[in-house]
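Enquirer: Chains A and B supply the protein sequences, listed in that same order.
With the working numbering applied, the first sequence covers 466 to 785.
With the working numbering applied, the second sequence covers 466 to 785.
The set of hints was computed from the structure by calculation and includes no laboratory data.
Careful, some of the hints might be misleading.
Same chains, same label: a pair holds when it works inside one copy or across any pair of copies.
Each computed BS3-like pair below joins lysine-lysine, with the alpha-carbon atoms no more than 30 Å apart [unchecked claim]:
#1 K756 with K542
#2 K756 with K561
#3 K778 with K491
#4 K756 with K783
There are 2 protein chains.
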Amino acid sequence: MNEVIAGIDIGGTKIAIAFENLNGEKIAVRRLPTKVEIGAYAVIETVSQAIEEMLEDNQVKLVSIGIGCPSPLDIEKGLVMSPSNLQDWDNFPIVKLFGDRFRVPVLLDNDANTAALGEYVYGAGRGYQNIVYITVSTGIGGGIIINGEIFHGVSAGAGELGHTIVQPDGIRCNCGSVGCLETICAGIHIARRARERLAGGEPSIMNEMAANFDDVTAETVVEAVRRKDKLAIEIWDETCRVLAIGIANIITLLAPEAVVIGGGIAAAGDLLFAPLRRLLPEFVSMIPAEKINILPAELGHESGVCGALVLAKKAYSKTY
Amino acid sequence: MNEVIAGIDIGGTKIAIAFENLNGEKIAVRRLPTKVEIGAYAVIETVSQAIEEMLEDNQVKLVSIGIGCPSPLDIEKGLVMSPSNLQDWDNFPIVKLFGDRFRVPVLLDNDANTAALGEYVYGAGRGYQNIVYITVSTGIGGGIIINGEIFHGVSAGAGELGHTIVQPDGIRCNCGSVGCLETICAGIHIARRARERLAGGEPSIMNEMAANFDDVTAETVVEAVRRKDKLAIEIWDETCRVLAIGIANIITLLAPEAVVIGGGIAAAGDLLFAPLRRLLPEFVSMIPAEKINILPAELGHESGVCGALVLAKKAYSKTY
Chain A
466 MNEVIAGIDI
476 GGTKIAIAFE
486 NLNGEKIAVR
496 RLPTKVEIGA
506 YAVIETVSQA
516 IEEMLEDNQV
526 KLVSIGIGCP
536 SPLDIEKGLV
546 MSPSNLQDWD
556 NFPIVKLFGD
566 RFRVPVLLDN
576 DANTAALGEY
586 VYGAGRGYQN
596 IVYITVSTGI
606 GGGIIINGEI
616 FHGVSAGAGE
626 LGHTIVQPDG
636 IRCNCGSVGC
646 LETICAGIHI
656 ARRARERLAG
666 GEPSIMNEMA
676 ANFDDVTAET
686 VVEAVRRKDK
696 LAIEIWDETC
706 RVLAIGIANI
716 ITLLAPEAVV
726 IGGGIAAAGD
736 LLFAPLRRLL
746 PEFVSMIPAE
756 KINILPAELG
766 HESGVCGALV
776 LAKKAYSKTY
Chain B
466 MNEVIAGIDI
476 GGTKIAIAFE
486 NLNGEKIAVR
496 RLPTKVEIGA
506 YAVIETVSQA
516 IEEMLEDNQV
526 KLVSIGIGCP
536 SPLDIEKGLV
546 MSPSNLQDWD
556 NFPIVKLFGD
566 RFRVPVLLDN
576 DANTAALGEY
586 VYGAGRGYQN
596 IVYITVSTGI
606 GGGIIINGEI
616 FHGVSAGAGE
626 LGHTIVQPDG
636 IRCNCGSVGC
646 LETICAGIHI
656 ARRARERLAG
666 GEPSIMNEMA
676 ANFDDVTAET
686 VVEAVRRKDK
696 LAIEIWDETC
706 RVLAIGIANI
716 ITLLAPEAVV
726 IGGGIAAAGD
736 LLFAPLRRLL
746 PEFVSMIPAE
756 KINILPAELG
766 HESGVCGALV
776 LAKKAYSKTY
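This is chain A alone, in the form it adopts within the complex (with noise of 0.2 Å):
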């Protein structure tokens, strides 16, 4: 029987399973959604079972999983800690429940890492030695790939890049710090600062575009800014020009040969890269512009499982 590796990419709303054979092949690939309200051990359960069947289906067998999942994560114990998204996984014991179902090694490391080693294996991060990946999104991550591998730190804690201080007398972030990246630039900081604008009484075909304030998200402002309105112009201004300082300070420490921005606020493509590329430069003065490599995610919502899928490739040849 063929073997395989199962890559699984485990987010607050939906959850990806992809199988690869040994010659690097992928050969299925399923979606589930999440159902937080089951619990986390039925949540399992059932990608236990989805995996079975798809073992059965393509009659291959299973030699080693890779997963990413929402942190704070336990890397070393391989528990689930709480993430905001899946609040009742608490100190959950994924890699032993995966390990114990399966009997093969199982590597468990955060979303935004493995989808910082998807976009550096299979992405836009392909050739290079040195990436730095971030997804601007409903928050803000990151991952930093060095020398092919996810550089970890201590505690597992390097790549929170959406909790770098750019405004030290802005507002506080939920981390407890204040002024940090996300504060400014995440998708639900854009539609914050967009619904306090809009409440103060500013015109802008926002108020026509959503039924009332709340209903303004970070799409509304991109849509907005499309159809040229002022006020979500000034909003998406501000976002690029924050966002390129914590760029900066990314490429000023660390000069990475590329920096590769996923996410759904980067859907919003040119609209973010143009001016992303056009201020860079004006915030890094001490490396030359033309090394300063700005580049849109290629895998969307596969970065991550591709991920987890470089992480059972790793978990299998450490173990045979």
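Here the structure of chain A is known, so what remains is to put chain B in place on it, guided by the hints.
Expert: Just chain B now, kept in the frame of chain A:
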């Protein structure tokens, strides 16, 4: 004849030369003034003659050289590229000159990176895997050591901690960017901020400590803080707060096991380290406070020449 490696630390005012035998024992150290006015070639001739005397005095044979030098450099081509304190050293082939003269392999790196390496191997960074070294002096520089190696990044541009942006609405930096860490916390800017406040007529014992405003230095501010001067304390508090934000961003990105701080301003000791240690857990939320290690450099002015010796060791082991 016993074999030795040589480390050379070139600064704008002083040059240090150290010999180490192959058992890792330092056997000779010499210090020279740089005498920039005699020109780059004459300076290197003076250093070469000093090395020849040291070889003769100790009856040893030279096997490799490591050099630390102010940036910008072209490390791969072995060139000095007009650093601000060695301006006529333009496209200056320092590696070739020493290599031709002594017929040994020569490695070059910038002074902040060699100081980082020195602290990592011989100083406060001993026993860790990943550290960040920061020098807070006239300017602010830094070096990143990952898995025992200097992390260079693209164009050897990594580690320019002084040019991360911490005050986006701040003043323009010499580097061309805005609100860099240097523009608040570097020695010349601590002095500038004090002078501006004094020129504005604020009462302070600094008025008596210096003959006129232009004589106020960062050291004046530190001394006035020790004497409980209100204005000096305000300036120092802001310095520590902004430096803590800059260091917090490094920790949030890289989660190093230790941040080692050296340079003239770090000589303020507890006056600097106590507030940094108090403030950092406030600005770093993603890593447990007890994992945040802020350490004073241990080698003082020797960090650079010690790191140059490590480079020399590397040059030797690569070649033979």
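Enquirer: So, for every hint listed, does it hold in this structure?
Expert: Going through the hints against the structure:
{"no.": "1", "hint": "K756 with K542", "in the structure": "between (39 Å within a copy, 18 Å between copies)"}
{"no.": "2", "hint": "K756 with K561", "in the structure": "between (44 Å within a copy, 27 Å between copies)"}
{"no.": "3", "hint": "K778 with K491", "in the structure": "within (13 Å within a copy, 47 Å between copies)"}
{"no.": "4", "hint": "K756 with K783", "in the structure": "between (35 Å within a copy, 29 Å between copies)"}
Hint compliance for this structure: every hint is met.
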